[in-house]
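Protein chains: 2
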Amino acid sequence: MLGLTMCLTLTSILVAAQQKTRPSTVLSTIFPKGQKAPATNFTGNAWVTQLIQPDSAFNIPVGSVTFEPGARTYWHSHPGGQALLATGGTGYYQEKGRPIQILQAGDTVKCPPNIPHWHGASPDAGFTQIAITPNTETGRVIWLQEVTEQEYRQK
Amino acid sequence: MLGLTMCLTLTSILVAAQQKTRPSTVLSTIFPKGQKAPATNFTGNAWVTQLIQPDSAFNIPVGSVTFEPGARTYWHSHPGGQALLATGGTGYYQEKGRPIQILQAGDTVKCPPNIPHWHGASPDAGFTQIAITPNTETGRVIWLQEVTEQEYRQK
Chain F
1 MLGLTMCLTL TSILVAAQQK TRPSTVLSTI FPKGQKAPAT NFTGNAWVTQ
51 LIQPDSAFNI PVGSVTFEPG ARTYWHSHPG GQALLATGGT GYYQEKGRPI
101 QILQAGDTVK CPPNIPHWHG ASPDAGFTQI AITPNTETGR VIWLQEVTEQ
151 EYRQK
Chain G
1 MLGLTMCLTL TSILVAAQQK TRPSTVLSTI FPKGQKAPAT NFTGNAWVTQ
51 LIQPDSAFNI PVGSVTFEPG ARTYWHSHPG GQALLATGGT GYYQEKGRPI
101 QILQAGDTVK CPPNIPHWHG ASPDAGFTQI AITPNTETGR VIWLQEVTEQ
151 EYRQK
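Chains F and G are the protein sequences, given in the same order. Residues 1 to 155 in the UniProt record's numbering are what the first sequence lists, from first letter to last. Residues 1 to 155 in the UniProt record's numbering are what the second sequence lists, from first letter to last.
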């Protein structure tokens with residue numbers, strides 16, 4: 001009887017610990033990780049999977065991106081803007097000249113057209129996000145320089 | 001020692017059961033449920049939360065929808081189409097004249113412009129999805145008639 005009680009208690013603690021860690025450290029596994037993102041535009045390890053392929057009737061690419069801890073995009077801008085939906089872990093988002101914002105599951109961001117910015121994971125926890133890129137008739141993305149360690153660590 | 005072994009075994013079974021049920025029955029809780037969807041366009045209980053509010057620079061509404069088991073939209077069409085991303089549970093999607101498709105977490109759908117269709121939960125498991133509506137300059141949605149029990153139960 002004591003063994004069973006101890007067992008149920010341990011199980012409860014483990015399940016509670018799993019639930020407690022979800023908002024800040026558990027990555028979403030809803031969508032596949034996809035392909036490794038190119039080292040020319042990303043620092044560290046990131047993966048991209050295309051969820052909606054654009055076509056003539058439906059010109060809006062949608063993708064899921066997974067960042068390992070410390071991984072992030074280079075600085076870049078979108079001529080038509082981009083929406084980000086945070087789906088798991090802890091992420092960073094920064095527009096040029098503004099402080100880094102922390103993103104957690106459920107947070108959303110509108111990156112305005114032509115504003116240089118970057119996004120990625122925090123140093124200690126990975127990050128998953130959905131990216132929706134509208135108005136692509138003027139281009140999808142303009143890549144800029146790498147986010148330096150000093151810029152990344154200013155948080 | 002036997003108690004500890006039994007305990008660890010039970011814990012493993014419970015954690016495995018949690019993981020195993022995820023694809024078909026566990027709803028995503030990444031985004032808030034939001035507001036009850038109007039009974040004029042939905043059968044059963046559904047909730048909608050707007051994730052990206054459209055504006056002049058960024059005219060793409062994005063929302064998360066949660067359907068209770070048995071809940072579904074009325075038949076409707078989108079002049080500019082709509083993309084669906086299944087985020088949890090088990091859903092149904094049907095275009096007029098075609099069979100019902102089952103949707104589970106990770107599945108995606110492009111609803112083509114002007115094609116009557118409906119979507120919602122399966123009878124026994126709820127469903128969560130993200131909806132992305134592009135090309136809204138020609139209108140967001142045209143609502144049609146209710147999905148009858150006979151249409152819904154043909155699966």
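If you're looking for bench data, these hints aren't it; they were derived computationally from the structure. Among these hints, one or two may not hold up.
Stretches of chain G that chain F covers, calculated by requiring three or more beta carbons in the stretch to come under 8 angstroms of a beta carbon on chain F [to be verified]: (1) 25 to 38; (2) 66 to 73; (3) 100 to 109; (4) 128 to 134.
Note that the Cβ used here is the ideal one computed from N, Cα and C, for glycine as well.
Taking the hints in turn, this is what the structure says about them:
1. By the rule of at least three residues with a Cβ nearer than 8 angstroms to a Cβ of chain F, the coverage given for the segment 25 to 38 of chain G holds, with 4 such residues.
2. Figure legend: the segment 66 to 73 of chain G, annotated as covered by chain F; annotation inconsistent (0 residues with Cβ-Cβ distances under 8 angstroms, at least 3 required).
3. For the segment 100 to 109 of chain G, the stated coverage by chain F is satisfied: 3 residues place a CB nearer than 8 angstroms to a CB of that chain, which reaches the threshold of 3.
4. With 3 residues carrying a beta carbon less than 8 angstroms from a beta carbon of chain F, the segment 128 to 134 of chain G meets the three-residue requirement, and the given coverage holds.
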